[in-house]
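> Sequence:
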Amino acid sequence: MTSTRAALAALMTCTTALALMGASAPVPYPPASKGDRWPQGTVRTVGKLVAKLPNRQAESCSAAVVDSPSGSVVATAAHCIASPERPHKPEAMYFQPAYEGGKRSKRGKGDGPKSVLAHGWKVTAWKTAPGWNTEKSLESVLAYDWAFLRMEKRGGRTIQDVYGANKLSTEPVGEGHTATLGYPASSPYDGETLNYCAGDARQYQQGEIPAANVGALSLRPCRLTQGVSGGPWLRDFDKKRGAGTLVAVTSVGSDDELLGRPYPESAKGLLKKFGAEKGPRAKG
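FYI, the numbering for the sequence shown is -19 to -1, 1 to 265, going by mature numbering (1 follows the signal peptide of the UniProt record, and there is no 0).
Certain hints may be false.
Said to hold, decoys possible - Quick list of the computed label-pair ranges, beta carbon to beta carbon:
(1) GLY155 - ASP219: 16 to 24 Å
(2) GLU189 - GLU81: 32 to 40 Å
(3) GLN21 - PRO202: 16 to 24 Å
(4) LYS220 - GLY82: 14 to 22 Å
(5) LYS221 - GLU81: 16 to 24 Å
(6) SER51 - GLY82: 28 to 36 Å
Claimed, not checked - Below, in silico cross-link-like pairs of lysine-lysine (BS3-like), each with a Cα-Cα straight-line distance of 25 Å or less:
(7) LYS134 - LYS254
(8) LYS70 - LYS95
(9) LYS70 - LYS117
(10) LYS221 - LYS15
(11) LYS148 - LYS220
I should point out that these hints are in silico values taken from the structure, not numbers from a laboratory. Backbone N, C-alpha and C define an ideal beta-carbon position, used for all residues, glycine too.
Between the sequences and the hints, there should be enough to build the whole structure, so can you do that?
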């Protein structure tokens, strides 16, 4: 992966073939991390997202349930659906909250993509951020690298009914203790466990980074690899509920840094409208 201080950082998708003492302040949760496994194993509202592509290929990302009027919306990165580097939309997409470990193949690799495609909740529609355009250069659209997915119901219950949801917060988000979670699938990870980085996130200003990533949140050092695209950046995490406040989704990264794309104020209106619709077709 290239450096975020170069012209552009690498998209964090992963494509695979299918085969407290005294008066001191409370310690923030989760504890600081450069890419450790999540302390509780999984998080109810966070999971693995898999796109089924042509020629028996599958692309892995991460995503999280977000509070919506319908209870059927998941948040992820726009480039997990399609991007200037992969403009063709997926044949289908599936999401498994609280995913943990698929069976292992003879080569020792997990079969997570197959497992999610077989057992995950099906995506019935999606809505990318206004401004996300796969016909333009990646540099010109990175500020819009976020999207919402609508999920099927199961037994009359929504995905939010079953797993709960994170609350969306839009800009300005400022700096502060933040955790980003996802399923890294490139070495030294295998995509089968939930890992995270946590610490004091900072926000890049004009002149500090190439224009494509101005406004992005940064966690460094963070050594998560491809597969964490679309994963949530959470604050005020509640261990009991397995949810927090969603302030961004993972967009791009380098060997030791991850960048999250915050939501503009307009995202609230889009989520309200998209999250209230019940029909299966609202793609674009």
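> All hints, please: hold or fail.
Results for each hint:
no.	hint	in the structure
1	GLY155 - ASP219: 16 to 24 Å	holds (20 Å)
2	GLU189 - GLU81: 32 to 40 Å	holds (37 Å)
3	GLN21 - PRO202: 16 to 24 Å	holds (22 Å)
4	LYS220 - GLY82: 14 to 22 Å	holds (21 Å)
5	LYS221 - GLU81: 16 to 24 Å	holds (19 Å)
6	SER51 - GLY82: 28 to 36 Å	holds (30 Å)
7	LYS134 - LYS254	holds (18 Å)
8	LYS70 - LYS95	holds (19 Å)
9	LYS70 - LYS117	holds (15 Å)
10	LYS221 - LYS15	holds (23 Å)
11	LYS148 - LYS220	holds (15 Å)
In this structure, every one of the numbered hints holds.
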